[in-house]
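Enquirer: So you can see what is in the structure, the chains are spelled out below.
Protein chains: 2
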Amino acid sequence: MKPYNCDNRPVGIFDSGLGGLTVVRAVQKALPHENIIYLGDTARVPYGNRSPETVRAFALDDVEFLRKWNVKAIVAACNTVSALALDTIRERIGGCPLTGVILPGAHAAISAKGKRIAVLGTRGTIDSKAYEIEILRENPSYFMQGIACPLFVPLAEEGITNGSIVQGVLELYLKPLKQTPPDIVLLGCTHYPLFREAIADYLPSTVTIIDSAHSTAAYLAQMLKENQMEASPEQAGFAQYYATDLTPGFDRIARRFLNASNTDSVTIRLASPFP
Amino acid sequence: MKPYNCDNRPVGIFDSGLGGLTVVRAVQKALPHENIIYLGDTARVPYGNRSPETVRAFALDDVEFLRKWNVKAIVAACNTVSALALDTIRERIGGCPLTGVILPGAHAAISAKGKRIAVLGTRGTIDSKAYEIEILRENPSYFMQGIACPLFVPLAEEGITNGSIVQGVLELYLKPLKQTPPDIVLLGCTHYPLFREAIADYLPSTVTIIDSAHSTAAYLAQMLKENQMEASPEQAGFAQYYATDLTPGFDRIARRFLNASNTDSVTIRLASPFP
Numbered sequence: 000m001k002p003y004n005c006d007n008r009p010v011g012i013f014d015s016g017l018g019g020l021t022v023v024r025a026v027q028k029a030l031p032h033e034n035i036i037y038l039g040d041t042a043r044v045p046y047g048n049r050s051p052e053t054v055r056a057f058a059l060d061d062v063e064f065l066r067k068w069n070v071k072a073i074v075a076a077c078n079t080v081s082a083l084a085l086d087t088i089r090e091r092i093g094g095c096p097l098t099g100v101i102l103p104g105a106h107a108a109i110s111a112k113g114k115r116i117a118v119l120g121t122r123g124t125i126d127s128k129a130y131e132i133e134i135l136r137e138n139p140s141y142f143m144q145g146i147a148c149p150l151f152v153p154l155a156e157e158g159i160t161n162g163s164i165v166q167g168v169l170e171l172y173l174k175p176l177k178q179t180p181p182d183i184v185l186l187g188c189t190h191y192p193l194f195r196e197a198i199a200d201y202l203p204s205t206v207t208i209i210d211s212a213h214s215t216a217a218y219l220a221q222m223l224k225e226n227q228m229e230a231s232p233e234q235a236g237f238a239q240y241y242a243t244d245l246t247p248g249f250d251r252i253a254r255r256f257l258n259a260s261n262t263d264s265v266t267i268r269l270a271s272p273f274p
Numbered sequence: 000m001k002p003y004n005c006d007n008r009p010v011g012i013f014d015s016g017l018g019g020l021t022v023v024r025a026v027q028k029a030l031p032h033e034n035i036i037y038l039g040d041t042a043r044v045p046y047g048n049r050s051p052e053t054v055r056a057f058a059l060d061d062v063e064f065l066r067k068w069n070v071k072a073i074v075a076a077c078n079t080v081s082a083l084a085l086d087t088i089r090e091r092i093g094g095c096p097l098t099g100v101i102l103p104g105a106h107a108a109i110s111a112k113g114k115r116i117a118v119l120g121t122r123g124t125i126d127s128k129a130y131e132i133e134i135l136r137e138n139p140s141y142f143m144q145g146i147a148c149p150l151f152v153p154l155a156e157e158g159i160t161n162g163s164i165v166q167g168v169l170e171l172y173l174k175p176l177k178q179t180p181p182d183i184v185l186l187g188c189t190h191y192p193l194f195r196e197a198i199a200d201y202l203p204s205t206v207t208i209i210d211s212a213h214s215t216a217a218y219l220a221q222m223l224k225e226n227q228m229e230a231s232p233e234q235a236g237f238a239q240y241y242a243t244d245l246t247p248g249f250d251r252i253a254r255r256f257l258n259a260s261n262t263d264s265v266t267i268r269l270a271s272p273f274p
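Chains A and B, in that order, are what the protein sequence lines are.
Each residue of the first sequence is one higher than the last, beginning at 0 in numbering that gives the first Met the number 0.
Each residue of the second sequence is one higher than the last, beginning at 0 in numbering that gives the first Met the number 0.
With the rest of the complex left out, here is chain A (with noise of 0.2 Å):
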């Protein structure tokens, strides 16, 4: 790639609080030369129980944020604004590349084999039946099923992600896939790529498991890639945390989340308040 057509501003990603760490981190994987601005809405999480007007003007104020910092992609890393802002959010950036993280993990359930989908998220996120939709505008001879399960987040958050409360979580939402598998399971929340492993297990092996953050992550790359807006192959990517509200037990669940060792440095910043 030539030098000139290089783009080093970073790259904005955003979450309700920091579930979105998950795509960040896939994100380093994939591109490991991209700055990253991460925006947590802390003071305001979770967006997935609140009214799509809420969302839709929350989702604004973040983006307002990540735009003071000249983001050359914004990623909405956050299901419950991915099903119901994007067009909001579209609207006021104009032409600046957009991606949520409903898209990609609906394309990259349509690349795996089988036509019978589970999506899994928030009730938010199964409600608004966002991953359905784009699944069979694509091709509506998929067969379809959402289930909501709003434990894994408070799961997550506290460090348990195995053992017998994970175990009686996992039969109270997934038995009836254990009965009757489905060919792939969607993992539609960024907090669930943390239960991979336990629901692999628990279903049975034929499942083939999708996170959409891996998903939203290489969908990025190639949005990057279209538009000449690759970081300079010489850059080594960083990243800088905000969130709207910190509290103690912050460092603990970001490093979870970005399977950061004891030992790494990550540093959450407080972004100024809201208008």
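In short, the hints are calculated from the structure, not lab data.
Check before you lean on any hint, since a few could be wrong.
[To be verified] A short list of chain A residues far from chain B (calculated; beta carbon distances all over 10 Å): (1) 63; (2) 90; (3) 115; (4) 157; (5) 164; (6) 180; (7) 197; (8) 226; (9) 228; (10) 232; (11) 234; (12) 235; (13) 246; (14) 255; (15) 271.
[Unchecked claim] One side of the interface only, derived from the structure: several residues of chain A facing chain B at Cβ under 10 Å: (16) 42; (17) 43; (18) 92; (19) 94; (20) 122; (21) 123; (22) 150; (23) 153; (24) 170; (25) 171; (26) 175; (27) 269.
Heads up, the beta-carbon is just placed ideally off N, CA and C, and yes, glycines get one too.
Following the hints, complete the assembly by docking chain B onto the known chain A.
Expert: This is chain B only, laid out in the frame that chain A set:
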């Protein structure tokens, strides 16, 4: 009581979300003639993992909303607010009678038999040591123990209050109490009365269980009496419920906390958004 000593203005009760409805339920039972205005700040719930400054700012917004209804007394039916923001609220409202849920719960625990008290609450409440401080201030010879039970809130909101998952969570949080039982277990979170039975079954029968919702209703009754602010005994108390955000699951959760039957009418109105 002479009629000219009656005060039929409503009591204002607020919480970060809908958990405070367990306090409303206790107040309705103890004070059937009182009108109640309830506000749940559901657009910004939960407060428990937010910084003290943010909790104080949110609490003042909530109080301002209630004051528009000319309330005669205010109950902060939220442990986080009770732990962090009562002084801030008192500065704002002057002589208007105010109570949180911590002092009443602490006093009820002191009135019970025994010196070994275990407090269960959210991480924020437990870290604040608010119950411990109140109780030890009265009598420093008490033996206090605090246990954060963060998964109880999402379980309560999912309506999961017994069964194998709850047993797993009780094992996780309360095993030390089973091994070395305290005299008193104080339920220091508005959601926890829903687990009262499961907790009682799990722990030895020698343990006295106290919940701050009932203690707070008794405290409010006393406060109104002392201030000659009781409602007329001819008045049939009526409650109006407000929330700062409305979502489909609300009715279900509200009914659960109010212990309302499916045929009871529980209307939650949208409060105009905060500035």
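Enquirer: All the hints need checking, so say for each whether the structure fits it.
Expert: The hints, checked one at a time:
No beta-carbon of chain B is positioned within 10 Å of the beta-carbon of residue 63 of chain A; the least distance is around 18 Å. At the 10 Å boundary, the C-beta of residue 90 of chain A stays outside the reach of chain B, the nearest C-beta of that chain being 21 Å off. Every C-beta of chain B lies more than 10 Å from that of residue 115 of chain A, the closest at about 27 Å, which supports listing it as non-interface. Distance check on residue 157 of chain A: its Cβ comes as close as 6 Å (rounded) to a Cβ of chain B, failing to clear the 10 Å threshold; non-interface status is violated.
For residue 164 of chain A, the requirement that its beta carbon stay farther than 10 Å from each beta carbon of chain B is not met, with the minimum near 4 Å. Non-interface call for residue 180 of chain A relative to chain B: holds, since the shortest CB-CB distance, roughly 23 Å, exceeds 10 Å. Interface exclusion of residue 197 of chain A from chain B stands, the closest Cβ pair being 14 Å apart, more than 10 Å. At roughly 36 Å, the least C-beta separation between residue 226 of chain A and chain B is larger than 10 Å, which holds for a residue marked as non-interface.
With a cut of 10 Å on Cβ distances, residue 228 of chain A stays outside the contact zone with chain B, its closest approach being about 36 Å. With 10 Å as the threshold on Cβ separation, the claim that residue 232 of chain A sits away from chain B holds: the shortest Cβ distance comes to roughly 40 Å. Every beta carbon of chain B lies more than 10 Å from that of residue 234 of chain A, the smallest distance being close to 35 Å; the non-interface claim holds. With a cut of 10 Å on Cβ distances, residue 235 of chain A stays outside the contact zone with chain B, its closest approach being about 33 Å.
Distance to chain B contradicts residue 246 of chain A as a non-interface residue, since its nearest Cβ pair spans about 5 Å, not more than 10 Å. No beta-carbon of chain B comes within 10 Å of the beta-carbon of residue 255 of chain A; the shortest separation is about 15 Å. The claim that residue 271 of chain A lies off the interface holds: its Cβ sits roughly 13 Å from the closest Cβ of chain B, which is beyond the 10 Å cut-off. Of the supplied interface hints, the one on residue 42 of chain A holds, with its beta-carbon coming within about 6 Å of a beta-carbon of chain B, less than 10 Å.
Among the interface hints, the one on residue 43 of chain A holds; its C-beta lies about 6 Å from the nearest C-beta in chain B, closer than the 10 Å criterion. Checking residue 92 of chain A against chain B by beta carbon gives a least distance of about 24 Å; that is not within 10 Å, so the hint is violated. A hinted interface residue such as residue 94 of chain A counts as satisfied when its beta carbon comes closer than 10 Å to some beta carbon of chain B; here the least separation is about 31 Å, so the hint is violated. Taking 10 Å as the C-beta cut-off, the interface hint given for residue 122 of chain A holds, the closest approach to chain B being about 7 Å.
A hinted interface residue such as residue 123 of chain A counts as satisfied when its beta carbon comes closer than 10 Å to some beta carbon of chain B; here the least separation is about 8 Å, so the hint holds. Annotation: residue 150 of chain A was flagged as interfacial toward chain B, and the flag holds, the nearest CB pair being 6 Å apart, inside 10 Å. Here the hint on residue 153 of chain A is kept, as its CB sits about 4 Å from the closest CB of chain B, short of 10 Å. The interface hint given for residue 170 of chain A holds, since its Cβ lies 8 Å from the closest Cβ of chain B, which is under the 10 Å cut-off.
The beta carbon of residue 171 of chain A is positioned within 10 Å of a beta carbon in chain B (closest approach about 7 Å), and the interface hint is therefore held. Interface restraint check for residue 175 of chain A: the shortest CB-CB distance to chain B comes to about 17 Å, outside 10 Å, so the restraint is violated. Restraint check, residue 269 of chain A versus chain B: the minimum CB separation of about 9 Å is within 10 Å; hint holds.
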